[in-house]
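Enquirer: Chains A and B are the protein sequences, given in the same order.
Position 73, counted from 1, in the first sequence is what the numbering used here calls 118; the numbers after and before it change by one each time, with no gaps.
Position 9, counted from 1, in the second sequence is what the numbering used here calls 131; the numbers after and before it change by one each time, with no gaps.
Just so you know, these hints were derived from the structure itself, not from any lab.
Heads up, a few of these hints could be off.
Below are the DSSO-like pairs computed for lysine-lysine, each with C-alpha atoms no more than 30 Å apart in a straight line [to be verified]:
id: 1; chain 1: B; residue 1: Lys202; chain 2: A; residue 2: Lys105
id: 2; chain 1: A; residue 1: Lys122; chain 2: A; residue 2: Lys105
id: 3; chain 1: B; residue 1: Lys201; chain 2: A; residue 2: Lys144
id: 4; chain 1: A; residue 1: Lys97; chain 2: A; residue 2: Lys113
id: 5; chain 1: A; residue 1: Lys97; chain 2: A; residue 2: Lys122
id: 6; chain 1: A; residue 1: Lys144; chain 2: A; residue 2: Lys122
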Amino acid sequence: GNSVTQMEGPVTLSEEAFLTINCTYTATGYPSLFWYVQYPGEGLQLLLKATKADDKGSNKGFEATYRKETTSFHLEKGSVQVSDSAVYFCAHDGASYDKVIFGPGTSLSVIP
Amino acid sequence: SQTIHQWPATLVQPVGSPLSLECTVEGTSNPNLYWYRQAAGRGLQLLFYSVGIGQISSEVPQNLSASRPQDRQFILSSKKLLLSDSGFYLCAWSGGQGSDEQYFGPGTRLTVT
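Please put together the full structure from these sequences, using the hints given.
Expert: What follows is the structure in structure tokens.
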């Protein structure tokens with residue numbers, strides 16, 4: 046079937062620490078992969094995406110590489126800030142026409 | 123540029139009362155539209171999606187319904203709310219035509235008492 050698995054957390058890091066949030070997926074075909082971010086009390090925002098194998102998406106210091114061989118799209122940031130505290134969702138669009146499959150979300154809390 | 127609006131932002135309703143949440147999109151035509159629910163501390167649950175006026179697909183059987191009376195308007199309704207309907211309701215749109223990212227509204231926080 047089509048699904049997205051990611052560590053649910055919560056993840057707590059100190060400011061300037063290195064962040065990795067793991068994401069793996071199952072999908073039919075060759076999906077596009079996404080990371081969305083949700084700040085407290087708000088809707089989701091697209092953080093980055095990759096549309097084909099070995100593509101690297103990047104934005105605001107975050108990066109993720111589309112790994113077809115391991116069906117993974119892990120999110121990384123070299124030095125997190127307090128303002129990065131949010132819930133991060135991994136997703137893909139390979140399920141069917143016009144639908145996106147979201148992971149359960151990973152809550153990140155960055156402390157000063 | 124495209125924008126998506128949802129209202130109200132917050133709502134407190136008693137059990138058994140009706141519900142109507144509205145979502146409108148500006149700056150695009152013939153979007154795909156989606157309703158999601160996010161329970162406290164949980165992920166996203168797709169409730170309904172629509173690829174055109176009057177075309178609604180339901181993902182989860184429940185006491186909610188959706189309608190799309192106009193191209194850029196999507197309404198979520200209920201005749202009688204349950205306590206379990208409490209949550210954060212998110213509307214989203216995408217450009218359709220296959221693979222594409224979704225753009226989310228600010229959400230409506232619904233508390234059923």
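Enquirer: Each hint should be assessed against the structure and marked as holding or not.
Expert: Taking the hints in turn, this is what the structure says about them:
no.	hint	result
1	B:Lys202 x A:Lys105	43 Å, violated
2	A:Lys122 x A:Lys105	9 Å, holds
3	B:Lys201 x A:Lys144	27 Å, holds
4	A:Lys97 x A:Lys113	8 Å, holds
5	A:Lys97 x A:Lys122	21 Å, holds
6	A:Lys144 x A:Lys122	28 Å, holds
In this structure, only the earlier hint numbered 1 is contradicted, and the remaining ones agree with it.
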